[in-house]
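Chemist: Sequence:
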Amino acid sequence: GIAESALASGSDMLVRAREIAVQMADGSNSPADRAVAAQQIASLREALLAVAHTQGPRGYVFAGTASDTETIDAAGAYGGNGASVLVEHADGMTMATNLDGQTVFAARQYVFADLTALEQALQNDDGAGIQAAIDTVDAGHRQLVDARAELGLRLDRMTSARDIADGAATLATKHLSEER
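Using the numbering used here, you'd call the opening residue of the sequence shown number 6 and step up by one each time.
Keep in mind the hints are simulated off the structure, nothing from the lab.
All residues carry an ideal CB built from backbone N, CA and C; glycine is no exception.
Be careful, since some hints might not be right.
For each label pair, taking beta carbons as the anchor points, the in silico distance ranges come out as [said to hold, decoys possible]: (1) 6 to 40: 33 to 41 Å; (2) 32 to 113: 49 to 57 Å; (3) 133 to 17: 25 to 33 Å; (4) 155 to 48: 25 to 33 Å; (5) 147 to 52: 16 to 24 Å; (6) 37 to 87: 19 to 27 Å.
Let the hints inform the model, and build the full structure from the sequences given.
Modeler: Shown next as structure tokens:
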């Protein structure tokens, strides 16, 4: 789905940020090299913010049920809510089909702050700060991968439930037609 694809892109961005951090943690890089890398991290953070603002047919996909609200505002605050979008998949049974942006981007690691910290460490030619950012960016990446896996499981469950319901309906129709 749209959200799962967005999370794949976001995950790729965090992999790239980690690669930059690992490369720049090497003491052989000049302050000018690290300044260029800081600009790359700023661009990746902006691209990840665009991922957080992904929209589908019903609005912002990571804003919970507040789908008309930007997921993350300019100050970095979560603008949505934690409510689940529920879809009925069988008689009265519902299933959550979304993950909110708070869960995706800030559950264990606040990925935007982590990228900002890496950018600042690069700008300040702070080797220890760059080294520390490797772990936080890596943890943020794992967080997005976990969120993507959870969305995939939810979609698989929805598909399975639909297939079971379709199979039961087909079987019932067959039995009714045989009784006539």
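Chemist: Could you run down the list of hints and mark each one as holding or not?
Modeler: Right, here's what the structure says about each hint:
1. 6 to 40: 33 to 41 Å: holds (39 Å)
2. 32 to 113: 49 to 57 Å: Once the Cβ atoms are compared, 30 Å apart, the range 49 to 57 Å for residue 113 and residue 32 is violated.
3. 133 to 17: 25 to 33 Å: holds (27 Å)
4. 155 to 48: 25 to 33 Å: holds (28 Å)
5. 147 to 52: 16 to 24 Å: Taking Cβ atoms as reference, residue 147 and residue 52 lie about 19 Å apart, which means the hint holds.
6. 37 to 87: 19 to 27 Å: violated (43 Å)
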